Every structure is written in C-alpha cells, then in structure tokens.
Amino acid sequence: MTPIKSLPFGPGALAIMGGFIVVMLGVGLLAWKKRRENSLADFYLGGREMGLVVLAFTLYATQYSGNTLFGFSGGAYREGLRFLVSVHFMTAIVVAYLVFAPALYRQSRDRGFVTPGDFIEHRYANRGLRLLVTGLMLFALCNFTLAQMKTMGTAFAGLSNGGIPIETGVIGLALVMLVYESLGGMRSVAWTDVFQGGVLFVGFALLMILVLTQEAGLASAIETLASQPETQHKVNPPDAEGVRTWISFILIVGLGAAIYPQAIQRIYAARSSQVLKKSLAVMAFMPLFTALIAVIVGVIMAAKHPELGAAGASGLTERVLPLLCLEVMRSSELGYWAVAMIFSAILAAIMSTADSALLSISSMIAKDVYGTCIRPDATERQMTRVGKYSAWALMIPMVWIALEFKGTLIQLLELKFELLIQCVPVFYLGVHWKRLTGRTAIWGIAIGLATTLALSWSGTLGLAVENHSRVWGIHSGLIGLAANLLVCSLDALRARQAPGGNG
Amino acid sequence: MNSGHSRSDLSPFKPWVWGAFALLFLGALPVWPIHGSLFGLPLWALMAVAMSAVLSLFTAWVALNLWKDPEEPSPQNDNHDAD
Numbered sequence: 284m285t286p287i288k289s290l291p292f293g294p295g296a297l298a299i300m301g302g303f304i305v306v307m308l309g310v311g312l313l314a315w316k317k318r319r320e321n322s323l324a325d326f327y328l329g330g331r332e333m334g335l336v337v338l339a340f341t342l343y344a345t346q347y348s349g350n351t352l353f354g355f356s357g358g359a360y361r362e363g364l365r366f367l368v369s370v371h372f373m374t375a376i377v378v379a380y381l382v383f384a385p386a387l388y389r390q391s392r393d394r395g396f397v398t399p400g401d402f403i404e405h406r407y408a409n410r411g412l413r414l415l416v417t418g419l420m421l422f423a424l425c426n427f428t429l430a431q432m433k434t435m436g437t438a439f440a441g442l443s444n445g446g447i448p449i450e451t452g453v454i455g456l457a458l459v460m461l462v463y464e465s466l467g468g469m470r471s472v473a474w475t476d477v478f479q480g481g482v483l484f485v486g487f488a489l490l491m492i493l494v495l496t497q498e499a500g501l502a503s504a505i506e507t508l509a510s511q512p513e514t515q516h517k518v519n520p521p522d523a524e525g526v527r528t529w530i531s532f533i534l535i536v537g538l539g540a541a542i543y544p545q546a547i548q549r550i551y552a553a554r555s556s557q558v559l560k561k562s563l564a565v566m567a568f569m570p571l572f573t574a575l576i577a578v579i580v581g582v583i584m585a586a587k588h589p590e591l592g593a594a595g596a597s598g599l600t601e602r603v604l605p606l607l608c609l610e611v612m613r614s615s616e617l618g619y620w621a622v623a624m625i626f627s628a629i630l631a632a633i634m635s636t637a638d639s640a641l642l643s644i645s646s647m648i649a650k651d652v653y654g655t656c657i658r659p660d661a662t663e664r665q666m667t668r669v670g671k672y673s674a675w676a677l678m679i680p681m682v683w684i685a686l687e688f689k690g691t692l693i694q695l696l697e698l699k700f701e702l703l704i705q706c707v708p709v710f711y712l713g714v715h716w717k718r719l720t721g722r723t724a725i726w727g728i729a730i731g732l733a734t735t736l737a738l739s740w741s742g743t744l745g746l747a748v749e750n751h752s753r754v755w756g757i758h759s760g761l762i763g764l765a766a767n768l769l770v771c772s773l774d775a776l777r778a779r780q781a782p783g784g785n786g
Numbered sequence: 256m257n258s259g260h261s262r263s264d265l266s267p268f269k270p271w272v273w274g275a276f277a278l279l280f281l282g283a284l285p286v287w288p289i290h291g292s293l294f295g296l297p298l299w300a301l302m303a304v305a306m307s308a309v310l311s312l313f314t315a316w317v318a319l320n321l322w323k324d325p326e327e328p329s330p331q332n333d334n335h336d337a338d
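Chains A and B are the protein sequences, given in the same order. Just so we're aligned, residue 284 is where the first sequence starts under this note's numbering, counting upward by one. Just so we're aligned, residue 256 is where the second sequence starts under this note's numbering, counting upward by one.
FYI, nobody ran anything at the bench for these hints, they're computed from the structure. It should be emphasised that the depicted structure is a prediction, and the values quoted were computed from it without experimental measurement. One or more hints might be untrue.
Claimed, not checked - The calculated lysine-lysine pairs, modelled on BS3-like cross-linking and capped at a C-alpha distance of 25 Å, are: (1) A:LYS671 to A:LYS317; (2) A:LYS317 to B:LYS269; (3) A:LYS671 to A:LYS316; (4) A:LYS561 to B:LYS269; (5) B:LYS269 to B:LYS323; (6) B:LYS323 to A:LYS561; (7) B:LYS269 to A:LYS316.
As the list claims (entries may be wrong) - Far from chain B, some chain A residues (derived; all Cβ distances over 12 Å): (8) LYS560; (9) TRP675; (10) LEU768; (11) ARG779.
Think of the CB as a built atom: it goes at the ideal place given N, C-alpha and C, for glycine as much as any other residue.
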C-alpha cells in the first residue's frame, strides 16, 4: 500500500470533497445562466470580460497544478536545495509572458482571436503552420491533461481512504469537470478557478505552517543532510553541469509554459490591458509562495525520511507529501482537518489545471481543426457544439490511459515541454519580427523536432550508446530550439541579402 | 504582420530591461563563490531566493510601469494608428 492510500481519511474528508463538487457544479450552472450569446468568444473566452480577481486566480490555478505539490516536493526530496531552480523557472514564465503578451493582447482585441491558431493564421497566412502548431499543442495538452487525471485518481483514492475505487474517482471527477465546463465554458472554468485557486493558496499556507510547527525546521534538516555523506550533495550548490541544467530548466519551462494554449487564451480573455498587466504582476510573486514551500517540504522530508531514496526515483514524487501528511494527521484532530484541506487543495489544483487544458483542446478542435479544415463555412454555434462534443469524446480514452499509464509526473512534464518549446519562435519572434515567414517557421519547427527526437531517442535509434534527454546538462528540447532559431535566423538573413530583399 | 500598432511601443522590453533581467537571472544562479551559512541556511541558497524575490519585484514593476497599451488613456496614444 502506498502512503497516500494509508492516510486515515474518513467521512469528514469526503464531506469536504462532496462540498467542493456541489460548489463547482453550482458555479457551472451560474456561468450557464450568465452566458450572453452563442459565440466562440463567449464560450471559450468568457466574452473577453475577465476582471483582475478572476484572471489572477485563473492564471494561478492553471499554472500551479498537482505537479507543483507532488512533483516539486518530490524533486526537492531527490535534489535538495538544488531544486530551488523551480522558484526561478516559475518566475521565468511570467517574464516570458511580458515578451509577447503586450503585442499579442492588442492584436487579439483588434482581430478577435479565439485560439493560438487564429494568431498564426493572421500573422503568417499559412494554414500548414497553423495545423502544425495546433497539432503540437494538442499533443502537449493531452499529455498535460493525462498527467492531471493520473494524479487526480491517486489523490481521490487517498481522500476516500480506499473506500471508493480509483476508477470511480477519476471517472466521477472527470464527469463533474465535463458538466460544469460544457455548461459555462471559460466562465465556468475561470470562476471555479477562483474557488480552486483560493483553496490551493490556503492549502499552501497550511502546508507551510504545518511544516514549520510540526517538524524540526529547515535549519535542522539542512544540518542533518549536511552531516551524512550520502545526502550532503542536497545542501551543496550544483556543479558546473548542474548550473547548466538550471539555465536549461529556466529557459525550457519559462519559454514553454507561457505559450500553453490555455495561457494564451487567458491573455485573449482579459477585460483590458490594465487587468492583464496587474494579474501578471501578482503572478510574479507566486513562486515564492508556492514553489518555494514545496521545496522546503521536500528538503525537510529528505532529512527526516532518507529511506525513501531506496525506493528509486519513480516512486518518490508520490510519496513525500503524503508521508508528511500522514504524520500531521496522526498528531492531532486539527492536523486531520488541515490535511483534509490540503488534499482538497491538491484536488482543486489538479481539476483547475485539467479543466483549463480540456477547454483549450475543445476550442482548438472546434476552431483550428473543424472550423478551418473540415467545415470552413460552419457557424460559431456549430463550432462551439463540436467543441463540446469533442471534449466529452476525448475524455473517454484519456481516462482509460490515465488509469493504465504507469509513468511519473516529471516524465510526462519533460516530454511535453521538449516538443511544445519548438513553437516558441512562432509566438515570441512572430509578434516582434516581420521577417519571419510561415514557411521558415515550419522548417524551423521541423529541424527543431528532428534534433530533439534524434537526441532523446539516440540510443533507441542506434545513433548512440544511450538516449540523451540532456546533453552537457542541457535539455534536448532546448538544443532543438537552438537549431530551430538558427534556421529562422539564417533564412531571414538569406531573404534580406537576396535581390529585392528589404535589407 | 498587419497590425497598425507599433510593436516596439507595446513591448516593455527596452534594451536596458533585457540587460536587467539577464543580470538578475545571472545573480539568481548558484555560480557565485559564496560559502558558509546564515541562521543554519546555506548562503548560496539564501542568495538564490533573495535574487528570486528581487526578480519578482522587478518583473511586477516592468509589467505595471513599462507596458503601454493604446487603450490606456495617455497623451502619447494619440499618435497610434488604428487598424
């Protein structure tokens, strides 16, 4: 039995969860009543009316997922203080937004964009590029949603104390998500995010208080880790290769997470540029209140339970946080309710991230695939209906794979970033650099993908002795992005020097 | 791109802002020869967190003060073309 299943939750925790579900369904119903028209912008962007509180919370709840709590604390358990890089790469996401969001927001207002594909079609007038980027984004999002569904099942099994089978939990929560999302679209998702984000924030605060009051403290944990030869590396700064990996992580997560379709659609959905910039200003501080707390939890648990290291890396991400919770729950009645709240926060984080991804998938299938390739003369009402149906249809294989897939959260996270990051030039350069053409961007993505996959599967393909997910500490996806950017730059230079070029 | 708004006007990333971000990220990396500890915590880690806090402050400041949008009321906005 895994620690998460041994947590002594009972009817009280289930009652909290039940209350959550009722609130979320109620919000969905309210959002359905508040709908204004049957249009794509109304359903997928909430009518472009998102105010500061809703936008800040929905950005927060979408960006900080179940992976932040489980994955980051597990990462800090393995890496120790070296996992402080997570604070930097979560901040880098906000910096990355500032590179392209001002221009993209303005264009989305002027042109009425709904999906990232709309920007691509307008900017490059290249349907092939639109489909290629949409395909990569759909792959990343399905991957992302799967990771959330998998964690959702584990967390729900813990909350029900094994009383409700994991399959029932995943299917039940997926249905709840689908219902409130189909009712109110982005309004439902964003409004539930306010609730879920609030719970998540309180959960992190509780976690911090529990760690500092129940455990010996961070300084004591560091002293313990430093005194043992086998754990000493967890308090020492990274070596040269480790520093390169820090830089690689900051770039790959910072650049990649900012162009998630659900992130781009929140830029489109802001009521005004003032609202958007204030929301991003708030988001700039969130790594200090979330990622940093997860790192502290991981470090303290590394000192207290070094034996978990023997389980191997794959099991750790799901063990560190539940083990801490188990100790807290056993300590007092207050501890029981605090942990029930934290687990509810985890479920809230997972659901808010998954529902945002699912809504983006639905919008891209409706607008970029159905409305662009299959039936270009479809009305907005028809596209919205197709989007809703596709979300329901997609959920069936996703739930099935989530229940069958045995990989870890971090593996899933890394896999999707390697490919998604190849879309970086299309957005970051696209909004600022006129010379980048659609044809060049396609070649850049193709070369970037080929480089990334050749490195990642070099061993499997017989090109090297082993696979190289990182070279010299740098992620293969980032090396692919360098090749991608080189192609874009050289082609623009060639066009400039060619007769008739505007250089 | 066919948008009437000047991209350089909209972007908060002036050359000095790029430089400041580069310096802050560099400062946040654990590459500095800082040894010892403070309150039992390694100085290199404290430096990384402190720089991250400064980075957050600067990011928020850039978002709020350097990002100009034509929809905001400002005398300069009269010069922007409509699409």
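Structure-based check of all given hints:
Taking the CA atoms of A:LYS671 and A:LYS317, the gap is about 18 Å. The hint holds against a cut of 25 Å. Straight-line distance between C-alpha atoms of A:LYS317 and B:LYS269 comes to about 41 Å, which puts the hinted pair past the 25 Å bound. Distance check on the hinted pair: A:LYS671 and A:LYS316 sit about 17 Å apart at the alpha-carbon level, within 25 Å; holds. Only pairs whose Cα atoms come within 25 Å are accepted, and A:LYS561 paired with B:LYS269 is accepted, the gap being roughly 19 Å.
At roughly 12 Å between alpha-carbon atoms, B:LYS269 and B:LYS323 fall within 25 Å of each other, so this suggested pair holds. Straight-line distance between C-alpha atoms of B:LYS323 and A:LYS561 comes to about 13 Å, which keeps the hinted pair within the 25 Å bound. In summary, the hint linking B:LYS269 to A:LYS316 is not supported, as the alpha carbons are separated by about 45 Å, beyond the 25 Å threshold. Not every CB of chain B lies more than 12 Å from the CB of A:LYS560, the least distance being 5 Å, so the non-interface label is violated.
Listed as outside the interface, A:TRP675 is consistent with that label: its C-beta sits roughly 37 Å from the nearest C-beta of chain B, beyond the 12 Å cut-off. For A:LEU768, the shortest C-beta to C-beta distance to chain B comes to about 16 Å, beyond the 12 Å cut-off, and the non-interface label holds. Annotated as non-interface, A:ARG779 keeps its C-beta farther than 12 Å from every C-beta of chain B; the closest such distance is 17 Å.
In terms of the numbered hints stated before, the structure departs from hints 2, 7 and 8, listed from lowest to highest.
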